[in-house]
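> Use the sequences and the hints to build the structure in full.
Protein chains: 2
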Amino acid sequence: MGNEIEIYNAPLPRATDIDSANKRISEYVKQTPLLTCATLNDLSGASLVFKCENLQKAGSFKYRGATNAILKLTSLQASKGVCTHSSGNHAQALALAAKTKSIAAYIVMPGNAPRVKVDAVKGYNGNITFCEPTLQARESTLEKVRKETGAEFIHPYNNINVIEGQATCFYELLQQLKTAPDYVITPVGGGGLLSGTILTSRYFAPRTKVIGAEPIMANDAWQSLKAGTFIPSENPQTIADGLKTSLGSLTWPVIRDNVYDILAVSEESIINAMYLVWERMKIVIEPSAAVPLAAVLENKELFRNKKVAVVFSGGNTDLKNLPWN
Amino acid sequence: MGNEIEIYNAPLPRATDIDSANKRISEYVKQTPLLTCATLNDLSGASLVFKCENLQKAGSFKYRGATNAILKLTSLQASKGVCTHSSGNHAQALALAAKTKSIAAYIVMPGNAPRVKVDAVKGYNGNITFCEPTLQARESTLEKVRKETGAEFIHPYNNINVIEGQATCFYELLQQLKTAPDYVITPVGGGGLLSGTILTSRYFAPRTKVIGAEPIMANDAWQSLKAGTFIPSENPQTIADGLKTSLGSLTWPVIRDNVYDILAVSEESIINAMYLVWERMKIVIEPSAAVPLAAVLENKELFRNKKVAVVFSGGNTDLKNLPWN
Chain A
1 MGNEIEIYNA PLPRATDIDS ANKRISEYVK QTPLLTCATL NDLSGASLVF
51 KCENLQKAGS FKYRGATNAI LKLTSLQASK GVCTHSSGNH AQALALAAKT
101 KSIAAYIVMP GNAPRVKVDA VKGYNGNITF CEPTLQARES TLEKVRKETG
151 AEFIHPYNNI NVIEGQATCF YELLQQLKTA PDYVITPVGG GGLLSGTILT
201 SRYFAPRTKV IGAEPIMAND AWQSLKAGTF IPSENPQTIA DGLKTSLGSL
251 TWPVIRDNVY DILAVSEESI INAMYLVWER MKIVIEPSAA VPLAAVLENK
301 ELFRNKKVAV VFSGGNTDLK NLPWN
Chain B
326 MGNEIEIYNA PLPRATDIDS ANKRISEYVK QTPLLTCATL NDLSGASLVF
376 KCENLQKAGS FKYRGATNAI LKLTSLQASK GVCTHSSGNH AQALALAAKT
426 KSIAAYIVMP GNAPRVKVDA VKGYNGNITF CEPTLQARES TLEKVRKETG
476 AEFIHPYNNI NVIEGQATCF YELLQQLKTA PDYVITPVGG GGLLSGTILT
526 SRYFAPRTKV IGAEPIMAND AWQSLKAGTF IPSENPQTIA DGLKTSLGSL
576 TWPVIRDNVY DILAVSEESI INAMYLVWER MKIVIEPSAA VPLAAVLENK
626 ELFRNKKVAV VFSGGNTDLK NLPWN
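Just so you know, the sequences run in chain order A and B.
Under this note's numbering, the first residue of the first sequence is numbered 1, with each subsequent residue one higher.
Under this note's numbering, the first residue of the second sequence is numbered 326, with each subsequent residue one higher.
Be careful, since some hints might not be right.
A short, non-exhaustive set of chain B residues, derived as facing chain A with CB atoms under 8 Å [what the hints assert, rightly or not]:
#1 Pro358
#2 Gly384
#3 Met542
#4 Trp603
#5 Lys607
Calculated from the structure, these hints are not laboratory results.
From the three backbone atoms N, C-alpha and C, an ideal C-beta is built for every residue, glycine too.
The structure is reproduced here in structure tokens:
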């Protein structure tokens, strides 16, 4: 494992690119804390450290990738703004990152998006265009917005600058932790965070095994890995709303060739893990962010006595509609 | 303001005592993070830093005082254990601090204490004796337990070692923040945290103004300060259950002579501040911990453009019974 990585369809971020991205975004993103919890160590039999991206600006790690993408725009691109389709954390992250640099953000959201998410994007001055809740409608509406505005499309995960930004999460974790963990485990939806984590691991912590965690109800990454070929999600139903998306053409090959394993967990495990974190660690994580801890607790043998870094990916959830009430 | 403080009925912790306490407890307590929130800065017009004792072990700053008291026991005292009466965070903190040193903890709790609090103390191996929910019953039951066991009584706040431990919260904050804030604001119930904060401020940050915040519905500190004489709480009803207690004979004179002001806030403000913190900062704070932020938001003129340290005192609350549901 050297300082290079195999090139797929597009050039992937190199070690120096990740280091540069970390410097580039450092004055805009939060250095989120690493927390530990004696109760969860006891429960799991592992030594867990939690990277709290739920405490990141805009409430998730997505702010890293969005900020990196925004800061890499040319002046001409910046003058025309950015656009994306998302009902989730990437929309909020991109809107806030754009606002911070006084850049316009055009967000295409399905008409049935939760009101808290719509309000959050509006709060960050995002220009919202609503569409039918289908992928086709999202893409055609986005294309229309893009043509009208000339805005640069920042894909939620299938974008090199976004992946490079997400790679800084584990990079920062390694700087905080001093010694590399035995495992790092992140959620996997579109694969931006997981592929970024893999790149950082290969360059800076090659002995750390990288694991992706997803709901059984949206286990396209697990299915793809077992089949050895990309299998998309088909209308998945899970409480982990951030993990419904399929992998992308950039993220899938990185994951296929480098991930140690994909672990899939039940809905009940996700809710239990989420509740445990709120109750014992006193922090708010969203269902998607609870998936890696659920995977640790469902696979105790694998992690016993190991040092495991767990990424809490985000904290955006409706406080008035909690799964245990 | 020098390195001494006026002595009242009992010798108060000196600067060297607080420094020693900080060293003594450092391997047992968490160095809790300081967090910031752009939204709350915008809302308040102040520059706020939040000391997250909700992320402390046992879920509150009380673990500092309890740990300091436990570590200062003689071997003979330790062999007989500790006892207290509390239905709240001190009970959990003392039980866990005692367990950590393999010392017995006897906790007297009212029979109507919330089940989550009873379960937490049991989870820390505390020996619970239930009593009638009156101060008289608590004191007589405690006296009985003390006689039977020979355990050392660790009062929740009217105890020098406990106050010394609570003083380390602001001491640690000062070390993290590098420059002293214009204001530090803590909740005030029995006054252990507030008087400890005052002592640390006088010794190590004499220009920082110390403010106590309490519910209007339990404003014994405000009343006492205005009257210039100790006025106890009388059956207060507030959602901030940790702040119902009256000041103590040790804490009241320190507060009387040194506090910059006591600010009292409405129940509605407390719930609003609590919700804001959960929603925007993604951390779980209990109602009592929201009281200082509520005071900042109710008194914007006082804090405008000032650097204000706000202590989030604890995070122990029933997730299945939230005030906004």
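> Run every hint past the structure and note whether it holds.
A quick look at each hint next to the structure:
no. : hint   : in the structure
1   : Pro358 : holds, 4 Å
2   : Gly384 : holds, 6 Å
3   : Met542 : violated, 24 Å
4   : Trp603 : holds, 6 Å
5   : Lys607 : holds, 3 Å
When each numbered hint is compared with the structure, a violation occurs for hint 3 only.
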